[in-house]
Each structure stands twice: as C-alpha cells, then as structure tokens.
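*Asks:* Sequence:
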Amino acid sequence: MLLSGEKVILRALEPTDLELLYAWENDTKVWAVSQTMVPFSKFVLAQYLETQHLDIYTTKQLRLVIQDKEGNASGLIDLFDFDPQHLRAGIGILISEKYRGKGYAGESLKILVDYCFSHLGLHQVFANIGALNFVSKGLFEDAGFKQTGEKLDWLKTTNGFQNELLYQLVKN
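Going by my numbering, the letters in the sequence shown line up with residues 8 to 179, in that order.
Because the hints were derived from the structure by calculation, they are not lab data. Even glycine gets a Cβ: it sits at the ideal position worked out from N, Cα and C. Heads up, some of the hints might be wrong.
Subject to a maximum C-alpha distance of 25 Å in a straight line, what follows is the list of computed PhoX-like cross-link-like pairs (lysine-lysine) [to be verified]:
id: 1; residue 1: K117; residue 2: K67
id: 2; residue 1: K144; residue 2: K158
id: 3; residue 1: K153; residue 2: K117
id: 4; residue 1: K153; residue 2: K49
id: 5; residue 1: K49; residue 2: K14
id: 6; residue 1: K163; residue 2: K178
id: 7; residue 1: K109; residue 2: K76
id: 8; residue 1: K153; residue 2: K178
id: 9; residue 1: K153; residue 2: K76
id: 10; residue 1: K153; residue 2: K109
id: 11; residue 1: K105; residue 2: K14
id: 12; residue 1: K105; residue 2: K144
id: 13; residue 1: K76; residue 2: K14
id: 14; residue 1: K117; residue 2: K14
id: 15; residue 1: K163; residue 2: K14
id: 16; residue 1: K144; residue 2: K178
id: 17; residue 1: K109; residue 2: K144
id: 18; residue 1: K109; residue 2: K14
id: 19; residue 1: K109; residue 2: K36
id: 20; residue 1: K105; residue 2: K158
id: 21; residue 1: K178; residue 2: K117
id: 22; residue 1: K163; residue 2: K36
id: 23; residue 1: K178; residue 2: K67
id: 24; residue 1: K117; residue 2: K105
id: 25; residue 1: K153; residue 2: K163
id: 26; residue 1: K117; residue 2: K144
id: 27; residue 1: K36; residue 2: K178
id: 28; residue 1: K49; residue 2: K144
id: 29; residue 1: K49; residue 2: K105
id: 30; residue 1: K144; residue 2: K163
id: 31; residue 1: K49; residue 2: K36
id: 32; residue 1: K105; residue 2: K76
id: 33; residue 1: K49; residue 2: K67
DEER-style ranges, computed between Cβ atoms [what the hints assert, rightly or not]:
id: 34; residue 1: E13; residue 2: N166; range: 14 to 24 Å
id: 35; residue 1: D160; residue 2: H126; range: 36 to 46 Å
id: 36; residue 1: E104; residue 2: Q54; range: 36 to 46 Å
Produce the entire structure from the sequences given, and follow the hints as far as they go.
*Replies:* Now the structure itself:
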C-alpha cells in the first residue's frame, strides 16, 4: 500500500466517514488551531465528501484519514494551498485525543512528506503553527522542518493575540 507505515495507513475519505468528520470538525477544542469559527452541518460535510474524488490539481487540497493497522480512524492529515506552479503545499494534522502520544502523528507526517516529494514532485512543504502549540512545534521539528518566519499577533485567542510560526521543509 502506497501510504502506509508500521503503525498507520493514510487513506482517502469515504462516505462512511461522515460521523467522524462531524465529531472532529465540530470539536470546539480544535477550533483555535484549525481557525474554525462556526460548526459544520452534516449536510455541508456530506457535500464535501462528495467532492473528495476530485484531483488535488483541481481542489488544491487533499485530506486523508489516519488509520491504525486495526482499521480505527485516529486522525486526519491535510495538504492545503497546493501550488503546482511553485511546487509547495501546507500540511495540517489532527490526532484524536485517544490516539495522541502513540507516534501516529510523526509517522503520518513522514509518510505524507515522502508522498509530497516523491509522487507530487513538490519542492517544499510548510506548516503554520501557533507559537504556544509546543506539541505541534516539536512534531514538525522532529520531522526536519525549520522555523523560517513569525507573524506577530496573528491568531486571536481567548487569552489575547498569539504569534503564528511558519515552518518549512525544503527538499534536498
């Protein structure tokens, strides 16, 4: 299987993932990092699932389910702002609370980066991370990403404004 590792498989979204998406997209604890402001309806998410067969060159994004070897969905990993002219894309990741700290995020990130460089022919990938999101910073740093920029007071949070950090990994 193309997108698999020791612990996880990255697979395409299926229509049966509607309830999963509904729960994760409407979890207010993740809204701060996903920059979501309003809940998603099942209708909207079902429409989104219907477009998942479209090519990344058309939609400029790709969302994959992170699944453990037993078939349990443990999270989502996204490519966004896919730019085929400049050969770059952003990466975002969500791991369900139950699966955090088990190495799923790190392995998923490695698999997706390998896919980006070897199959999509990208020159670089990037991530936007809140300055206080130490777990994500560590995850991307462990994967070889370097902090290359900082946007001051970029994210409005319940505790005031927070800087956002730009992390990049450029293919050798």
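*Asks:* Hint by hint, which ones does the structure fall short of?
*Replies:* Numbers 4, 5, 6, 9, 15, 20, 27, 28, 34, 36, in rising order.
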